[in-house]
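K.L.:
Take the two lone chains and join them into the complex the hints point to.
In the order they appear, the protein sequences are chains A and B.
Numbering follows full-length UniProt numbering, in which position 97 of the first sequence is assigned residue number 97; successive positions increment by one, without gaps.
Numbering follows full-length UniProt numbering, in which position 239 of the second sequence is assigned residue number 239; successive positions increment by one, without gaps.
Warning: the hint list may mix true and false statements.
Here chain A is said to cover these stretches of chain B; the calculated rule only asks that three of the stretch's residues, wherever they fall, bring their Cβ under 8 Å from a Cβ of chain A [stated by the list, open to error]: (1) 277-285; (2) 382-394.
Sample of chain A residues with no beta-carbon within 12 Å of chain B, all distances over it, derived [claimed, not checked]: (3) V9; (4) L16; (5) H25.
Since the hints were made in silico from the structure, they are not lab data.
In this text, a Cβ means the ideal position worked out from N, Cα and C, and glycines have one as well.
Next come the chains, spelled out residue by residue.
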Amino acid sequence: MPLLINRAVTEDSWLLVDEADFSAHLNEDIVVPYELFAEHSEALLSAEGKLGVRINGDQDLNLLLQNLDKLSLIAIEFPAFTDGRGFSFARILRRSGFIGQLRAEGDVTRDRLEYMERCGFDAFAIPADRYSDDITSAFGEIPVHYQGCADDERPIFRQ
Amino acid sequence: MYQYNEQDQNLINARVEQYRDQTRRFLAGEIPDEEFRGLRLMNGLYIQRQAPMLRIAVPYGLMNSVQVRKLADITRKYDKNYAHFTTRTNVQLNWPKLEEVPDILAELAEVQMHAIQTSGNCLRNTTTDHFAGVIPDEIEDPRPWCEMIRQWTTLHPEFAYLPRKFKIAVTGGPEDRAASRVHDIGLHLVKNAAGETGFEVLVGGGLGRTPVIGKVIREFLPQQDLLTYLEAILRVYNLNGRRDNKYKARVKILVNALGIDEFRKLVDAEWEIIRRTELALTDDYIAKIKGYFEPHPYAADAVDGLSVLENQLEDNADFRAWYERNTREHKVTGYRAVVISLKPHLKPPGDITDVQLDAVADLADTYNFGEIRSTHDQNLVFAHVAAGDLYTLWQSLRDLNLARPNIGTLTDMIVCPGFDFCSLANAHTLGVAEQINEKFDDLDYLYDIGDIKLNMSGCINACAHHHVAHIGILGVDKGGEDFYQITLGGSSREDATLGKIIGKAVPQAEVADTVEKILQVYVENRFEDERFIETVRRIGLDPFKERVYATVN
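Pulled out of the complex, with its shape left as it was, chain B reads as follows (with noise of 0.2 Å):
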């Protein structure tokens, strides 16, 4: 993974001191709220419900056995000994104390992290495939491209005042595993004609009050054009993008507003003016770059492991639905890429605890080359990890309550923290993804259902990526009362969709029935082999709607 170097090291310093100060004129009178509001949201400190949260970044989902130790560490020192992963693969510290932050900030810049640009109207966080780089049709490893962005979008001068966030995600080739298409930008690693690898590039993507699936704007830019269009694009949005109403602000009303042809001609008359000046990549720039992410020293004798492993999978069923559940081919034959998961029975998805992330640590240390990924639907990965391994891993994650296996189940939900943390939430979450989890906690049924995605989000802004779940749950208050309005047939991967509403909200204590209700039609229509998203893309949404509202009158 990528090194800070000197003067990587030097910035985020000179941030934290930057930020040392601010805070210190904050509580000094000498800054106003409304002002500081915009200095802190820059490096992730919200004001919360019951305390400030804390946003620190995760660039692309990597991070080293040494900065998750820092993790646990800070969640004692600073907070309640847990942390909590998003989906924009970021950690949210839900309980540090706002004077304290300086120092929490000083301590991460210790191991190369920061909490820079993860919210507020600027250029966030880059996220990518949790699986880059070991994925068999990858074309490119994606994330020195997300590390160059990190760079160009890191304090950048001219675009810390947006008129709203904006986010980029890029993947390595056609699979989506990273929402692309309903992101801001949205980058897909390409070949053309010629055989020259560059990117398709989408635009005004997002989720939110206006879900939007991404526009094609160029369909192969050259890879060394990437920093001057993505600038590009960002001048034109900064300069025209509303910024009357927060809600019409984001550059997906833009697009739409204009039109993707006529914005493409605003983009490409800017980037005609700048397309070779020196915010050209240079080819030296980009090979150094990639030789922070050269593969692991894989071990050639780690095929041998397969037939130990054959014979453990035949020995243990429990180990086998584990296995089969949580585990991924690796291009590297010998390897697997695990998923460790943070959607415990009964426990608030994306949260993980000081022991839990220390023991993590080690475990990377011991099989996955100290290295952990964070992903956008909340967990963690292990992406190399010997077939010789995978028994012993599994046992020790068991031990920690780190290895349900139910990801890609049902049971494996993106969910924000919703009304018991947030304080833009209108409804709550966590009760709600624990009336799930009860209801549907036996792993035939489960397993029965196979590949599905339910996502819960509570409230309007969508940050737990409901328009794009198969089965969409968004939290409404309805005079004080807790209400959950529910969409079929959405996707965020390669044929992305948003879902549509099927009826009223259902009151709170009914969610699970209503999935449950749901579950059955799938199962009585579904063919052999089909996944439940196909089986809503084929039949449409009436027949479910009919057995959701059929007691109702």
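Isolated chain A (complex conformation) (with noise of 0.2 Å):
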């Protein structure tokens, strides 16, 4: 699954664990899902490898916003493209203060990497099977943002 981070691609320095092999893992640089975040939250916080956090729109986001400054990167799924809460998500991590790596997963397609890119955004994995190598001529598409956004918090009347 080809990753982008700030519009290029770019390998994926990061491990995906579970519940079964996390404590394994705990030096390395690792992304554990929400729910195993909640339970482990401290061996997690206190490990030695940067950490990660996958979350989705039907979870809790203050449990993450609680802990911002400790977590380097925080996957948001899209479990369909018609879901939209990533983006809401995003904006409020960002405006939060969160500098870390802003990852959006599943159904991730062209179509939709501008407008997660100005939510804040800044990493996207891509299904292979919608991966094409103009797909980074999607960002920049549209020149003019009426609003302002996790890019830049100026609306057009104060650009």
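P.N.:
Here it is as structure tokens:
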């Protein structure tokens, strides 16, 4: 699955772990599912490696907001392209001061990349069958923004 | 009216090219059907029963003659020489080709028009009062605020994939000609005790399967907070609205589930965070947008036309009938607002031909400062016609079959395209509209019945707002046959009310006869000068039920 970070194809340096194997990787840079983080947050937060959490729209963003400075990556899942909750999650995380990697996962395809980036995502895991080399031309297709967003908080009347 | 600057133009030009590329990739098989569906809907393109349908945005119902001529041209070049106005004051083409839509959009962009967000689960076109700016008792012209909302909603990156569609209406004062109480958000310009202008904010109104009257979420919103407050509502909705069932996904369901007080708490908590951000409106921006809506240069000698008009009204009964039904007071003496009826005898309500569009554009240049408005009840308005011009304008409109003196009467119906065109519809509407037109063609009878609102939808989605009509007709399918359920007592105005069903649905052939029985009960029971809706409210539904179902065992 190709991964774009800051509009460039990048090798994924993170390891996705689950309940069964996370304790063996506590010194590495790992991404854990939300439930795992909720259950083992103490152990995970005190580990040596960097920590990422994967969340979706049904889960409680507040738990992450309380630990923002200790998280280096947050992956937001889009279960379907019609599910727009992740856009608001991203917006809230960025305005709350999250400066780590914000990764869009799931139904992440070309025609949503621009809006996702504007809302604060900087990393995109694209399904292989929907990836093409010209996909990055989706960024910046619309050069004018009426609204402020995570990329530039100024609406058109303050630009 | 608002004029695009270079940035506005760049935005829609870029959007045309973006959509052109999306269409190309879809046709090349690079975008799955379901996903392209989402993309094309956000650009107003439906796939309908016979052909695609393209819905073009008319922001808050305001157009100029150049735009209307372009619409005429597009219907000739890409469609079947007619267009259809909708209850969102937008305009629809019923026969465009999917492959040609990017070219249509490019042509629209030349005249500062587009189809952005005219469908799909996103922020839709904002609507307002079609007499905005000319009403004597208006607190303020709502259109500058509509334009600020238009800019904020257009291609909003966070709210393009909402649980469901989202519609906002704005009124300039207490009178409500925009059905604002049955919108996701209704905004009413009001003054507070200190004399400051702001907004009363309603949320959670809507029609469709679950009709609901909106609830007041904030009695007074300072004007500079307009967009921060809207953004707070939208964020709460985007995060909390149901996504498991599209029939329960509108904000009205969320507001009802949480209760307005709890919903308000969530909105206020979010608003507190963003209220003082850069989204707060600046005085400069408000003043700049208001500058586009300055009053037209009304002629000081327009009052001289009043005496001429007086004579013309006396001499010509047909002209007088039109004047009385189809024109309204204007705040400048010597001017009238004219409603151009798109409800001619035996033609689909809201339809207009290319020839009529061109002629309307020319007439607007001659008599109305080049301005044309579309109304939520599917007519057009020339809002500023000098008294001395009314007679010649009437003659021209009559020659174009655009002067039927039926505004506000029974035949001024809102009707959706129904089964003939729409793939959602369960029942036909256009044939039934014809049936009603044939039965009630006598103007003396219509004038005797007076102000009445009849709306007809071809399915439960209620595009024609039948729940809030005095007489609402809903087409339903029963074992392959069209039946029509009748509601009475609805209103979309400041006294917004949902109509009540009077009984079991009637067969197609009996709709007009049923309406006639209902009107008989009204005529027999009304007090002098009592309007239909007032009689219904006073005597209740029983007398109507008894008459309508008397012969049914």
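K.L.:
Enumerate the violated hints, using their earlier numbering and listing them in ascending order.
P.N.:
2
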